[in-house]
Amino acid sequence: MADLSYRITIKPKKGWATLNVRELWFYKELFYIFAWRDIKVRYKQTAIGILWALLQPFLSMVIFSIFFGGLAKIPSNGIPYPIFVFSGLLFWNYFSTSLSGSSNSLIMNEGMIKKIFFPRLLLPLSATITPIVDFGFALVVLVGLMIFYHFTPTVWGIILLPGLILLSFLSASGLGSFFAAINIRYRDVREALPFFVQTIFFVTPVIYPTTLVPVKFQWVLALNPMTGIIEAARAGIVGNKPINFHLLLVSTGVAVALFLFGVFYFKRTEKIFADIA
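Numbering (the numbering used here), first residue to last: 1 to 277.
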């Protein structure tokens, strides 16, 4: 009989096939475990625990209101500056915290990456869940401010709120996945990330209205997905002006593009994580 020999060649998936949604769904319980672990660790051994989720944005709002709303007299489109800045901080804090957590998620779990197989994408994605809890508590503060200043949210504001949170998630997790993949190879990213986030803060209309930016530079703000999100949130929550759906559409496109790019890059480089972690 002829000697039959076989060669088995295993090749990694390429292109969009690397994003296995079914695999992510299969490990959904592990995703929940990661998210719950992050929530517990975040407020472990703190005297007031999760109340920091209320105090941090509130104290930031007070400081910004004193220096920018009071001393610098930055306009707030006809609404009380505390509501103006807090509605911006609400989404910005979620975005910045999620971005930082996602970007550092791989190097914070190096030991697990080397020893256990699971979809690595679960780590940067689960890092965006804890800030949603903070968002929910901070939303209570915003409701209190609106009651104090006698403002009522619009129907559009309530309807759009889940969608705006989703867009913030897409933006943060997309950028976070991209930075996480680079961060595990070049640890300089971890050191540079705070400066990057701080720079993005100043090109996001959190403490100032978009009307303060010259028209010729408005396109820079438009490319920032958080611009349309925050502007839509303010218009919807306060109802002092119509929602700019054109700007929101641009932000939606940028957020989706960032998410797809970040996740795709992450999956393309995932195979080397265990070797360089």
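Take these hints with a grain of salt, some might be off.
Stated by the list, open to error - Beta-carbon label-pair distances, calculated as ranges:
1. Lys114 - Glu191: 22 to 30 Å
2. Gly144 - Asn240: 17 to 25 Å
3. Trp25 - Val140: 29 to 37 Å
4. Val140 - Gly70: 22 to 30 Å
5. Gly136 - Phe67: 45 to 53 Å
6. Phe245 - Lys115: 42 to 50 Å
7. Gly111 - Pro214: 45 to 53 Å
Think of the hints as simulated: they come from the structure by calculation, not from any bench. A quick note: this is a predicted structure, and the numbers were derived from the prediction, not measured. Backbone N, C-alpha and C define an ideal beta-carbon position, used for all residues, glycine too.
Structure-based check of each hint:
1. Distance hint check: the CB atoms of Lys114 and Glu191 are about 23 Å apart, consistent with the given range 22 to 30 Å.
2. Between Gly144 and Asn240, the C-beta spacing of about 19 Å keeps the proposed range 17 to 25 Å intact.
3. For the pair Trp25 and Val140, the beta carbons lie near 32 Å from each other, so the given range of 29 to 37 Å is met.
4. In this structure the hint that Val140 and Gly70 lie 22 to 30 Å apart at CB holds, the actual value being about 24 Å.
5. At about 28 Å, the beta-carbon gap between Gly136 and Phe67 misses the expected band of 45 to 53 Å.
6. In this structure the hint that Phe245 and Lys115 lie 42 to 50 Å apart at CB holds, the actual value being about 48 Å.
7. The hinted range of 45 to 53 Å is satisfied by Gly111 and Pro214, whose Cβ atoms lie roughly 50 Å apart.
Against the hints set out earlier in the document, a violation occurs for number 5 only.
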